[in-house]
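Participant: Spelled out from the first residue to the last, the chains are:
There are 2 protein chains.
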Amino acid sequence: MTLYVGVEDLSRLVAAIGVEPFITGIAERIEADFRRWEEFDKAPRYASHSPDGVIELMPAADRARFSFKYVNGHPKNTRHGLQTVAAFGVLSDVDTGYPVLLSEMTLLTALRTAATSALVARYLAPPASRVMALIGLGAQSEFQALGFRALLGIDRLQIWDIDPAATDKFRANMAGLGFDVVAARSAPDAVLGADIVTTVTADKARATILSDNMIGSGTHINAVGGDCPGKTELAPAILSRGTVFVEYPEQTRIEGEIQQMPADFPVTEIWRVITGDAPGRSSADEITIFDSVGFGIEDFSALSYLYDLLGAGDYTRRLDLIAEPADPRDLFGLVRAPVVARHAERQHA
Amino acid sequence: MTLYVGVEDLSRLVAAIGVEPFITGIAERIEADFRRWEEFDKAPRYASHSPDGVIELMPAADRARFSFKYVNGHPKNTRHGLQTVAAFGVLSDVDTGYPVLLSEMTLLTALRTAATSALVARYLAPPASRVMALIGLGAQSEFQALGFRALLGIDRLQIWDIDPAATDKFRANMAGLGFDVVAARSAPDAVLGADIVTTVTADKARATILSDNMIGSGTHINAVGGDCPGKTELAPAILSRGTVFVEYPEQTRIEGEIQQMPADFPVTEIWRVITGDAPGRSSADEITIFDSVGFGIEDFSALSYLYDLLGAGDYTRRLDLIAEPADPRDLFGLVRAPVVARHAERQHA
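Those protein sequences? They're chains Z and D, same order as listed.
Using our numbering, read the first sequence as starting at 5 and increasing by one per residue.
Using our numbering, read the second sequence as starting at 5 and increasing by one per residue.
Where hints are given, some of them may not hold.
Copies of the same chain look alike in the list, so a pair counts if it fits in one copy or across any two.
Stated by the list, open to error - The calculated EDC-like cross-link candidates involving lysine to aspartate or glutamate, where the alpha carbons are at most 16 Å apart (straight line), are:
#, residue 1, residue 2
1, K80, D97
2, K80, D56
3, K80, D99
4, K80, D318
5, K46, E290
6, K80, D331
7, K46, D268
8, K46, D312
9, K80, E43
10, K46, E12
11, K80, D45
Keep in mind that the hints were calculated from the coordinates and are not lab data.
Between the sequences and the hints, there should be enough to build the whole structure, so can you do that?
Facilitator: Written as structure tokens, this is what we have:
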């Protein structure tokens, strides 16, 4: 039987552990997995594009476990009361090929994206950063804020969204959580004086959320929203001025901010910074940019973290996702037996 | 909520409809989908190989629906009482990106593979075929036999497996189903006088199940077992002598029997035969070979067929696989709410 963690179960589990400890736990797992980057079977995600969105499959594997995530991106979904990004995923045993865990991953993706963003910022952001601009106050925004506090101690947020209702939602959710939240009057206003700028907008379009003149020297930019072909947030001039760090160049060149740049635009793989193979921030004036698109190993880390948590507590159900006939070669017995059973019932009736 | 069809549900549904009508229903769907081949978003499957097996993701999509199947291939699994091939799959709505159906697909794959094999044989096998050699009596074998009877009227089976226990299992399962089953003493003995030869063995190795001198003129070969790199069943000389038909050349050249041949070895795409664009069997003497590896569109067809059946009857459950917050941008509310609920309980206690 395959363990199943649905939305209701995962919500209870995360609430019980706490959002910040949960993000920290995933970040530690991602850091450990990025350190052993070369042990993983990697590939750019498979993307099936349609007029209104994209459906993606994101696999990753080490010698013991295989994982994949199914995730969509449909910006118009919110008009119909649906999520822009919805996801679920599976963790499997490489030795048998059997799935051991099926989990919702809409919530888990928000948690692992925040974990990745904050982990990378710990390597790249100016030391003693306190103020973060947060542009785009959709489904991911609260998780980003909590991730940056958990891993970097960020407690002042300068927030901006083109939709005032999103700002109201964010403020209500963050009330009483100990943040100093300042609603800006514009994106440039939000960025002013920030050590870290996080962009996490949802439009599937070439938008310029950040223009070059908005970004002062020494800033760390955590660019989360530009994550598929035709969807970017930063003016190309910022990318030329700063140093760009990516997860997996083969995927980021297709999907990330650097899709706007030439194919040989220089980037640094973030796992090399984590292992010490490559420098991170090299001066107080440098603009560092994490061109984040999300990579399968982060989902692998999140699913592994979740799976290892499930031993204790009542947060799972069991699904008969995989046939388990007594004789594995007798798959046919599964469809033959019910007929016999019904015949038997009829005889007894 | 996502509909879920587990092993127990699908077994009951297939038994209620009957294996042969179910295979026929899938075959009709595959035939219709192959006729509109060019409407599909197609890709070779993603394969993650490990020392003991492979895990694959097989996507396909038209303008309305997206599907993928997760499937493994681990020949040593049977030693531990597990399936060599286990699978599950998902059907989604392209407009929203949301999954609408999650189903077991171990059983469904056996049914759709038999449906594909028999459908293709209807276009390629000698007219009025009556006798099929069936080599490899594992989990797929009974479904192949029933598929060929349902679509072609095959009722004499000459069977062979290196393991006598597999032969006993097959005979017991087929008893009383109206077939004339003859257990051969060897593979060459099984092939003798057969109109159609089906190979469906499981070893992940370059085996020669069929050698050139075993195959008489006019035979149709349904080669099902050779379906991943390093796993073949036919001697290359047979491929040179016959006409080879494939599902999707980009995938079959990597995984099929023709992995043994040069990259430009001529093949005919079977969908072109179905639409009438390409000839099928051109003479009574011709050896036709269906180098089958399984393709995502067949799973798409099978999942679509299953989904459309589910309206009536009690064969599904509902899973909270995708988060559905009242405000789609308020994902955070899912983890905030349980905390509030617990506080409220405490106050009332």
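Participant: Work down the list of hints and note, for each, if the structure agrees.
Facilitator: Results of checking the hints against the structure:
1. K80 with D97: Classified as between: cross-chain Cα gap 14 Å, same-chain 36 Å, threshold 16 Å.
2. K80 with D56: This pair counts as within: shortest intra-copy Cα distance 7 Å, inter-copy 44 Å.
3. K80 with D99: Between. Shortest inter-copy distance 9 Å satisfies the 16 Å Cα cut-off; intra-copy 41 Å does not.
4. K80 with D318: Neither: 36 Å inside a chain and 34 Å across chains, both beyond 16 Å.
5. K46 with E290: Neither: 31 Å inside a copy, 44 Å across copies.
6. K80 with D331: Cα proximity of K80 and D331: across copies only (14 Å, versus 48 Å in one copy).
7. K46 with D268: Intra 21 Å, inter 29 Å, cutoff 16 Å: neither.
8. K46 with D312: neither (22 Å within a copy, 36 Å between copies)
9. K80 with E43: Intra 38 Å, inter 24 Å, cutoff 16 Å: neither.
10. K46 with E12: neither (31 Å within a copy, 35 Å between copies)
11. K80 with D45: Neither way: K80 and D45 sit 34 Å apart in one copy and 22 Å across, limit 16 Å.
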